[in-house]
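> Each chain is listed here by its residues.
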Amino acid sequence: MEIHDVSDELEIKVKKYQRGEGADLESLKDKKLKGQLANKEDLFKKSANAAAKAEKWLMQTEEGWLEPDGLEKTWRFSQQSIANEVDVASRKNQFDLVLPDLGPYTLDYTSSGRYMVSAGRKGHLAIIDLHTLKPIKDMQVRETVRDAVFLHNELFFAVAQKKYTYIYNRAGTELHCLKEHGAVLKLQFLKNHFLLSSINKFGHLHYQDITTGQMIGNYRSGLGRSDVLQLNPYNSVLTSGHSGGTVSMWKSTSSAPLVKMLCHRGPVTAIAFHPNGHLMATAGMDKKLKIWDLRKYEAIQTLPGLAKSLDFSQKGMLAASTGSFVQVLATSDSQDYSRYMIHTMAKGYQVNKVLFRPYEDVLGIGHSNGLSSILIPGSGEPNFDSWVANPYETSKQRREKEVRVLLDKLPPESIMLDPTQIGNLRNTKKKEKPTQQETEAEKAAAIAAAKNVPLKKKTKGRSKPSKVTRKKQEGIEQAKRSFVEQNKEDGVMKKKQKRMTDPSELPVALQPFVSRKTT
Amino acid sequence: MRVKVISRSADEFTRERSNDLQRVSRNYDPKLRPQEKAVEYVRALNAAKLDKVFSRPFIGAMDGHIDAISSMAKNPSHLKGVFSASMDGDIRLWDIASRKTVCQYPGHQGAVRGLTVSTNGRVLVSCGSDCTVRLWRIPLASGIESDDSSDKSLATYVWKNAFWAVDHQWEGDRFATAGAQVDIWDHNRSQPVNNFEWGNDTVISVRFNPGEPNILATSGSDRSITIYDLRTSSPARKLIMRTKTNSIAWNPMEPMNFTAANENCNCYSFDARKLEEAKCVHKDHVSAVMDIDYSPTGREFVTGSYDRTVRIFQYNGGHSREIYHTKRMQRVFCVKFSCDASYVISGSDDTNLRLWKAKASEQLGVILPRERKKHEYMEAVKNRYKHLPEVKRILRHRHLPKPIYKAGLLRRTMADAEKRKEDRRRAHSSPGSIPSRSLRKNRIIQEIE
Numbered sequence: 001m002e003i004h005d006v007s008d009e010l011e012i013k014v015k016k017y018q019r020g021e022g023a024d025l026e027s028l029k030d031k032k033l034k035g036q037l038a039n040k041e042d043l044f045k046k047s048a049n050a051a052a053k054a055e056k057w058l059m060q061t062e063e064g065w066l067e068p069d070g071l072e073k074t075w076r077f078s079q080q081s082i083a084n085e086v087d088v089a090s091r092k093n094q095f096d097l098v099l100p101d102l103g104p105y106t107l108d109y110t111s112s113g114r115y116m117v118s119a120g121r122k123g124h125l126a127i128i129d130l131h132t133l134k135p136i137k138d139m140q141v142r143e144t145v146r147d148a149v150f151l152h153n154e155l156f157f158a159v160a161q162k163k164y165t166y167i168y169n170r171a172g173t174e175l176h177c178l179k180e181h182g183a184v185l186k187l188q189f190l191k192n193h194f195l196l197s198s199i200n201k202f203g204h205l206h207y208q209d210i211t212t213g214q215m216i217g218n219y220r221s222g223l224g225r226s227d228v229l230q231l232n233p234y235n236s237v238l239t240s241g242h243s244g245g246t247v248s249m250w251k252s253t254s255s256a257p258l259v260k261m262l263c264h265r266g267p268v269t270a271i272a273f274h275p276n277g278h279l280m281a282t283a284g285m286d287k288k289l290k291i292w293d294l295r296k297y298e299a300i301q302t303l304p305g306l307a308k309s310l311d312f313s314q315k316g317m318l319a320a321s322t323g324s325f326v327q328v329l330a331t332s333d334s335q336d337y338s339r340y341m342i343h344t345m346a347k348g349y350q351v352n353k354v355l356f357r358p359y360e361d362v363l364g365i366g367h368s369n370g371l372s373s374i375l376i377p378g379s380g381e382p383n384f385d386s387w388v389a390n391p392y393e394t395s396k397q398r399r400e401k402e403v404r405v406l407l408d409k410l411p412p413e414s415i416m417l418d419p420t421q422i423g424n425l426r427n428t429k430k431k432e433k434p435t436q437q438e439t440e441a442e443k444a445a446a447i448a449a450a451k452n453v454p455l456k457k458k459t460k461g462r463s464k465p466s467k468v469t470r471k472k473q474e475g476i477e478q479a480k481r482s483f484v485e486q487n488k489e490d491g492v493m494k495k496k497q498k499r500m501t502d503p504s505e506l507p508v509a510l511q512p513f514v515s516r517k518t519t
Numbered sequence: 001m002r003v004k005v006i007s008r009s010a011d012e013f014t015r016e017r018s019n020d021l022q023r024v025s026r027n028y029d030p031k032l033r034p035q036e037k038a039v040e041y042v043r044a045l046n047a048a049k050l051d052k053v054f055s056r057p058f059i060g061a062m063d064g065h066i067d068a069i070s071s072m073a074k075n076p077s078h079l080k081g082v083f084s085a086s087m088d089g090d091i092r093l094w095d096i097a098s099r100k101t102v103c104q105y106p107g108h109q110g111a112v113r114g115l116t117v118s119t120n121g122r123v124l125v126s127c128g129s130d131c132t133v134r135l136w137r138i139p140l141a142s143g144i145e146s147d148d149s150s151d152k153s154l155a156t157y158v159w160k161n162a163f164w165a166v167d168h169q170w171e172g173d174r175f176a177t178a179g180a181q182v183d184i185w186d187h188n189r190s191q192p193v194n195n196f197e198w199g200n201d202t203v204i205s206v207r208f209n210p211g212e213p214n215i216l217a218t219s220g221s222d223r224s225i226t227i228y229d230l231r232t233s234s235p236a237r238k239l240i241m242r243t244k245t246n247s248i249a250w251n252p253m254e255p256m257n258f259t260a261a262n263e264n265c266n267c268y269s270f271d272a273r274k275l276e277e278a279k280c281v282h283k284d285h286v287s288a289v290m291d292i293d294y295s296p297t298g299r300e301f302v303t304g305s306y307d308r309t310v311r312i313f314q315y316n317g318g319h320s321r322e323i324y325h326t327k328r329m330q331r332v333f334c335v336k337f338s339c340d341a342s343y344v345i346s347g348s349d350d351t352n353l354r355l356w357k358a359k360a361s362e363q364l365g366v367i368l369p370r371e372r373k374k375h376e377y378m379e380a381v382k383n384r385y386k387h388l389p390e391v392k393r394i395l396r397h398r399h400l401p402k403p404i405y406k407a408g409l410l411r412r413t414m415a416d417a418e419k420r421k422e423d424r425r426r427a428h429s430s431p432g433s434i435p436s437r438s439l440r441k442n443r444i445i446q447e448i449e
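Protein chains in written order, with the working numbering: chain A, 1 to 519; chain B, 1 to 449.
One thing to keep in mind: the hints can contain errors.
Pairwise CB distance ranges (calculated) [what the hints assert, rightly or not]:
#1 A/411 x B/440: 39 to 47 Å
#2 A/298 x B/2: 33 to 41 Å
#3 B/16 x A/54: 19 to 27 Å
None of these hints come from the bench; they were simulated from the model.
Think of the CB as a built atom: it goes at the ideal place given N, C-alpha and C, for glycine as much as any other residue.
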């Protein structure tokens, strides 16, 4: 029995490293290619096996767990009882910072989980080193602060203030004032692409590349003011929730959303993404919490309850908060989410944001009276990879990592719903008439190209502003004309087809007069 | 209830003393690396660009000859030296590292047509259009300028006709010369031990098989390739093509295969056991291919052509992987791949031997293990994405001199036109009356036992 278990475990691990099924080589006719690909598949299997076997030695830290005795439920245990059972070092991770005057707090962690930036609505910003629990910088910007995010490491963070967004240094120096974003409600940072994205009061999305400072995209969502913005870490797609109950997914290179889903019967209040990229949790004002499968765009589970803030942990636990109540849901053996732990705070504490800390079993809570941090056993990934995120980084390692990450910076065009499509063969398109969507996309692209054409500057008063604008308009009209002509043709063809009617459609008296050729 | 939370002690993850190495912990889980394919693609693109940035294949020219280089030979037991002979009878031994002449072998009266080194690396055999075969002693010490002309000449054998090529057995004491017929010589005899003849035309090149010391391939001016076996003392097989083969090279790692450098700008790889069909046609030159040599790895070969370029092909690739050209390099008459597979030496019409790198962006010198791993990784990631358009465009890009580019386009247009006409003829005639012949078979007229 034991041997069976061990080999099953190994198989599960090997599957994790294989990254999907192997290619189907039977349908290939080219023998040379078949041989080469068979070799490659062999190598992949070998490397997956080696990685699975090496796990035993590489994974030093064990993950957390919570086991109730007998018939007890896991959610009956309070943070106090957990603190009694756990060692001193872990008890340090449970704390309550009482800051009652400066407004509801929002927080963000760096990707290694070591540093935290907290921003109070009334302008209080603080960066805290969570290993020593010392504030690195504590400052007051004397303006409404709506959101704060770290950029690629703890040295830089962006703050969405009353009118503009600012980027600050770790020392508190204001480095940049980003005026183009406007009055931002929520910020998100795309780590792999170095894009700072925001949604502002008018519902406009902005994508700015912070390495060059260029604004990559500036799109109107068309769905009104929205303060729900979340990033899908699996494919770097930005998702916003709107007051009509729709959730729309955006990429930085197109002005139309990739996907628009109707999720709730009221405004969407929170969105969260599972790290595997398949699951999305949304909460709406219709008092429902839905778990969606993003491969089929179907709700696989609906739970009752309101949620102002949602977050998934690295191990797939879902934290939801309303009012002063925080609950953590986890999947047991079945695929469904059920309540795992709860945490009720004092009545006056209105929770603003919940966020799991990476690589630790800790949930950070930002509320109206400050910040709290509670222990949720089993929520964090125990073993980090030094070359992805290292909580014990020295400054030299941080500098090297910055350079490497910049070298691997992804272009904004690489954001797509399925990131594994890169390098795959495109299916050969049959020469069909392009669908309406495609023609519209082509038209939009042609208009954008016409708008971007640089006009030559002429001297002696020949490039008056009126003339320049007229020339530009002519260019745009020219680009549109080809599509109008196409449409006309299609319209004519449609009319012609209409004349040649099916004899069964005509009234009986006219049936003999339908020409034989058409039948 | 029992509970456990993740707890790490900083001691396990930080180093103890400042002269220790930093500790690294790894977790290969793909979940920690989202969008890894996109990152790999960006790395492949950067690797392709860096490849082009560091691509400097030309190392230097070895000048000293005063007439066109007619042949070269490499010493199998001594990496650093290469022999070259020119059209005025001057034979020199070069030290590749310093690109200087080590010693000269004066003696030939006319053009030296062939050079080869014996199996033990001690004797140099040369033949020329003055009807002589000369044997020379190769100095032991390397890199020392030996001015002492204390008779390096070991022997001079005079024969009836001018010679066109010479090659030595890979294991043995015989060497073969090509002229009016194929003659087999022994070092100590002043007359050929044996001779082969099939037809009345001159034999223009000869090569011994690296694996089977008794088999040799020759090419003649009657557009044929003939394979002889010394033991049977009779020719084994003959293959007649449409155009003349200028040179042949056997694959040292797959000794049954050889590649023939043809006058019609292509190279044809054959399996010596099955001559009715070429294994592969290597097309890229725009003028006659003059010489060909295989790398000791057997995976690629270098060709020099009348169109002033040197190209490197994969052993099974239809198109060249690399092209080398310089404004100063005129018609290339001979090429050699160095014995450590890192360099290519070309001898051309402009009296210079040129030394090139086999891999244009290779870093020479001592490479640290970390550097080597990085290079290997860049190669691997480039190969994974080399079919994608952006990466392919960068990797494929080579600057061609205008005449070669135009000539290439012209050849392509002509080939396309011919193919189109052939297709139309086939379409408008009864099915099966015009058979379609594969390119590999197309150039072969017949095979004779």
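> Please check whether residue 16 of chain B and residue 54 of chain A have a Cβ separation lying inside 19 to 27 Å.
holds, 25 Å
> Honestly, do residue 411 of chain A and residue 440 of chain B meet the 39 to 47 Å range at C-beta?
Roughly 43 Å apart at Cβ, these two residues keep to the hinted range, so it holds.
> Mind checking the hinted window 33 to 41 Å against the Cβ distance between residue 298 of chain A and residue 2 of chain B?
Since the Cβ atoms of residue 298 of chain A and residue 2 of chain B sit about 38 Å apart, the hinted range of 33 to 41 Å holds.
Of the numbered hints given earlier, the model fails none.
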